[in-house]
Structures are given as C-alpha cells and as structure tokens.
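Undergrad: Sequence:
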Amino acid sequence: MSTETIQLHCVNSWEAAFLREEVRGYFTPEVDLRPGATVLDVGANIGVFAAAVYERLGGDVRLFAFEPMPPLHATLARNAEEFFDGKLTALPYGLAAAEHELDFSYFPAATIFSSSLRDAGNIEQERRRVTASVVEMIRQGGMGPALRRVPAPVLRFLVGRKLRVMRELETHRVRVRPLSAVIEEQGIEAIDLLKIDVEGAELDVLHGIEDRHWPLIRQSVVEVEGWAANRDRISEVFTARGYTVRPEQDPAQRAADIGMVFAAR
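So in this note's numbering, spot 65 of the sequence shown is number 96, and the numbers just go up one at a time.
By construction, these hints were calculated from the structure, which means they are not laboratory data.
Quick reminder that beta carbons are idealized off the backbone N, C-alpha and C, glycines included.
Relax, there's no trap hidden among the hints.
When the alpha-carbon atoms are kept at most 20 Å apart in a straight line, the in silico EDC-like pairs for lysine to aspartate or glutamate are as follows:
(1) K118 to E220
(2) K193 to E53
(3) K193 to E52
(4) K118 to E215
(5) K118 to E216
(6) K118 to D91
(7) K193 to E46
(8) K118 to E86
(9) K193 to E167
(10) K193 to D150
(11) K193 to E155
Simulated restraints, written as ranges between beta carbons of each label pair:
(12) I219 to D134: 23 to 31 Å
(13) G117 to Q156: 37 to 45 Å
(14) Q156 to P102: 22 to 30 Å
(15) H131 to A105: 18 to 26 Å
(16) E112 to P60: 28 to 36 Å
(17) A221 to R192: 44 to 52 Å
(18) A212 to L148: 17 to 25 Å
(19) R264 to R192: 31 to 39 Å
(20) N43 to Q156: 18 to 26 Å
(21) G191 to Q171: 16 to 24 Å
(22) R272 to R180: 45 to 53 Å
(23) Q156 to R180: 23 to 31 Å
(24) G257 to A212: 20 to 28 Å
(25) G257 to G117: 32 to 40 Å
Generate coordinates for the entire structure from the input sequences, incorporating the hints supplied.
TA: Have a look at this one:
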C-alpha cells in the first residue's frame, strides 16, 4: 500500500511530500513486518512513517510514536485520533539516555529539521548540508520527474531559497526519557521494529535501553547523522548485542553525510 492513502494533517504540505519520499528508504526487503507487529516510531513528526506501517499491515499493528515538539505532537495526536483506529499511541516526549529536559530548536516552516543539536550558531552550515541532500534526491528522481529535468545549478538556487526558512526558529523546552522507562510504563512485551530518526541524537536514544530490554527488540532501522563519524559507533551498539547489521547510504544521503543502519536478530 502507498502512504498516499491516508491523507494526514500536516504542518507544511511540502514537508509531507518530502517525508513520504524519505520513508520509502526504511522499507528494504530485509525489513520483516507482519500483521500483529509492535512498532516504535522515534522522531515521528506528524506520523508519515507510522502511516506507512499501518497501511502495509492493513491496520493490524500496535504503534507508539514519539514526538517532543508541542506543535508537531498536536498534529500527530490529531492524526492518531482520526486515521489510526486507536492503533497509534502518540507520546509527547522524545527519547534519550536519561530523564531530562532539553532545549529544541523548532523551525515552523521546516519542521522536519527541528533538533536539540541545531541552533543559531550552526544553522547556515546545516542549511547548506540539507540543500545538497534535497538537490541530490531530486536528481535521483525523488519528488517527481518534472523537477529532475531542472538543471542542477537552478535546483540548488531554488532549494536553497526555499530552505532560508530554516533561519526562522523557536526554542522549546521539551521532555526526553529513556526507552526502557517507556517499555515498562506502556507494558511493551516485544518490539518488532524500532525506527529512529532523531536528527543526530541516535546514540543518546540507544543508550537509554537497558540490557534487560534489548532481547525484546527484533529489528531496528536508524537514520544516522554525521555518517562518517557515527556509522561504526551505532553499528557496534547492535553487533555487540548479537544483531546482524547492514549500513546503507544512497547518493542523496551521501550529500548530507547521513545514512541508514539496518539491524536484525
């Protein structure tokens, strides 16, 4: 099934299209999801990944979606109520190594780039990195065939101008929690897929899993920022616990120094 079926409420319509394109990268043939699965969506935004899982499994799934940014969580919670038939629990906090509160930068016109690791000091560097990735995604055929025909210099100009909105940011104080505490609180007995997309805080999320809970996690897919520096560190977290790990990076991800780590028992 396509994620076009559920027309989620969104904050920005262009972001919904971007997220739908990005989500396809999570579903490689090795990702094994069957009806009745329990799936955790860490860094859920408005719920596009959760919607893709819900549709693929015909609604026979238990979903937990984590989104700490208040404006995004409000939209996620609305989508959960209207489109997921009670199968999605929208949780208003992020995950980390310990119970804490953090300052997150929130970009109202580009919410998908909101992060605790982006601020006024590094936003121009981040904007250039994201621009390079979006341009390469378009050149590879993402976002439709018409844009693919636009010359690369023109694309860079158009995308860079669009992403100037990243200069407009708000700061929100948000709660983060260790995943093990949530597993206990929610009575989660098995995790068929742990998806993590947290804009650079991947290791912090993984460090919030106690040894006794790792056996519950059958599969994981992690979007890794700072690929060159962090790919091996994140892979080692899984290999040390008996997972088979496969790193993957496509040209659009390479342009942004990000990539995917797939781990399965």
